[in-house]
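As you go down the protein sequences, you meet chains A and B in turn. First residue of the first sequence? That's 962 in this note's numbering, and the numbers climb one at a time after it. First residue of the second sequence? That's 27 in this note's numbering, and the numbers climb one at a time after it.
These aren't lab readings, by the way, just hints derived from the structure by calculation. Ideal Cβ placement from N, Cα and C applies to all residues, glycine included. Keep in mind that the hints are not guaranteed to be accurate.
Claimed, not checked - Cβ pair distances, simulated, as ranges:
1. A/E1169 - B/L132: 30 to 36 Å
2. B/G71 - A/P1063: 27 to 33 Å
3. B/Y117 - A/T1033: 54 to 60 Å
As the list claims (entries may be wrong) - Derived coverage of chain B by chain A (criterion: at least 3 residues anywhere in the stretch with Cβ under 8 Å from a Cβ of chain A; other residues may be distant):
4. 41-51
5. 88-96
6. 153-159
7. 172-183
Listed below, chain by chain, are the residues.
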Amino acid sequence: MNRYRIIPRLFLPALWLAGCGQQTPTLHIFNWADYIKPALVERFEREHGCRVVIDTFESNESMYNKLKAGATGYDLIFPSSYMVELMAAQGMLRQLDHSLLPNLVHIDQAMMVYATDPLCTYSVPYMMSNAGIAYRADKLGTIEATWAVFDRADLKGRMTLLNDYRETIGAALKFLGYSLNTTNDAELAQARDVVIRWKKNIAKLESEQYKNGIASGEFLLVHGYNGDLMQVISENTNVVYVTPKEGVSISCDHMVIPATAREVKLAHAFINFMLDPQVAAENTAFVHFLCPNKTAYQYLSDELRNDPAIFLPQDILAKSEVIKYLGPADAKYRVMWDAIKAAE
Amino acid sequence: MAPSRRTLHEILVTTPSFVWLSVLFCVPTLIVFAMTFKPADMYGGLGPGWTLETLRHLANPNYPAIIWRTIWLSAAATLISLVLSIPMAYYIARATPGLRNALLLLTIVPFWTNFLIRIFAWKILLHPEGFLKRALVAAGIIAPDTSLLYNPEAVLVVMVYTYLPFAILPIYAAAEKFDFHLLEAAMDLGASRLTAFRKVFLPGIRRGILTAFLMVFIPSLGSYVIPDVVGGPNSEMIGNKIAQRVFVDRNLPHASGLSAFLTLAVLVPLAVVWVVQKRTSGQPPTMQEVA
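Turn these sequences into a full structure, and let the hints steer you where they fit.
Pasting the structure below:
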């Protein structure tokens, strides 16, 4: 009996496809999780009479590997700067049509010095983040914002550093006063020894679980990204985020259209929509990252506008850098990372 | 006609699993081996031609420590699992049918919960401000700043926890078939309880123990999630290194080289067990052996 009852249902998707498949264009987005306000996506769907399907990735590498393995059908992707360079160099990205992006005028040119593609040939900056430290003020009191905190033996086993070779070696380079994009062997060797020293005090190298860890008190101090930690702080006010005085890494995620995109016009429309100042402000309030949109700043609440975790203070901003793709020299960092991981 | 029909039947029955194994296991393994000899390009792909470059890189001075850690953790996890599971299997096999079914069910119950969730549960159990930690500190067994998590010992504990059922089940299966009258006979002939257990019971369930050894040792060698979640900065195993080579370094040949090494490392215990079984196959312990 059941078998027969199912058959009409089998036709339903087919009818649905035949009915709306032709008229309703669908925009396929490939993005990080929790990185866009859902209500804004719904608004875009209403305004453009389309459907938006969002697929998520957890690292630039997994996104890249999926595309390299032949995945097509995405119209808009949100990679970080170095990945934009890597993809553009291989002809995986479509040049943007600026006539379809009138809202480009709103971009904060002061922040574009940190972008990899300042003319927006292939990419438009979406959100900027920085990697600093968060700690439990209820257990540690107020502590000085410096990378030297990882030398504190009294916090042994209760701190984490990011499991990311550019971020963690970069933090050590900043601590020593060097550029976090250095390719100087002597500077890198010093940074390696600093991380090996810090490693004795940390619980583990962790890029994901530090958020739960600091919230539950498992860790008392963690190295992590501002937006992620701000989301923790919004639920647990004992957590404080600070940017070390020696400077931090800044990273930028961009919106790009892959060469294989089908809905090219709609993808441009989505980029332009996200660049709309009020949309950008609403989105920043949701994800707690900085959208480098100058006109949008006036629409932000005072609390966000004055948040030093989102808008870095001038003196720290001056010492901060974007992690650049170093090409073949990148291997030097990976050799250091292997040595750090192996050191007892 | 009869034998050839039997052969035909055998071929028909084995073909699906044979095809499955060759297409989904042997071919991918050979591809992994072959990729070891391809050059890596900067973009995470494979370059043209063939090279021995990766083999030279496998002589990385940082590897011996990781390989040694992988082997000792796996060997320790296997040994502890065997030592714990032999008495358990003995007890289950001798229990009344009702109790036996209940005990077997309890052995399998953990599998109803997702593997990852069970490992994360250990993080709560060993939490630095958790119940267990506070109890141990209050009892004066550990110092307040001792960390129960993020060290190789935590990895070992969770590995034993995870793989213990895989040791109990095959040993139980062997013990269930064991004729316990042999133990009584041994004791009648003057053997002590321990001697009877050691010289009659253990050889009698030898096959079960060998299977349990493989079921624990091989997956332990390939551990990746456990050291990743409960391990600390000094608990990295080969599995974690392979993941780093793929996801971080985007160097597929190097990852393939390490995987090939791991495959070969797994084949060694398999070969040893095969040889041991071949030598002693089909010889249950006899009265002469005991005497």
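For each hint, the structure was consulted:
The beta-carbon spacing between A/E1169 and B/L132, approximately 33 Å, falls within the hinted interval of 30 to 36 Å. At roughly 38 Å, the beta-carbon separation of B/G71 and A/P1063 lies outside the given 27 to 33 Å, and the hint is violated. Taking the beta carbon of each, B/Y117 and A/T1033 are about 58 Å apart, inside 54 to 60 Å as hinted. Using a Cβ-Cβ cut-off of 8 Å, 0 residues of the stretch 41-51 of chain B lie near chain A, which falls short of the minimum of three, so the contact claim is violated.
Residues of the stretch 88-96 of chain B lying with their CB closer than 8 Å to a CB of chain A number 3, which satisfies the three-residue condition for coverage. Only residues whose beta carbon comes within less than 8 Å of a beta carbon in chain A count, and the stretch 153-159 of chain B has 3; three or more means the coverage holds. Judged by the Cβ-Cβ criterion of 8 Å, the stretch 172-183 of chain B is covered by chain A as claimed, because 3 of its residues qualify and three suffice.
Checked against the numbered hints given earlier, this structure breaks hints 2, 4; the rest are met.
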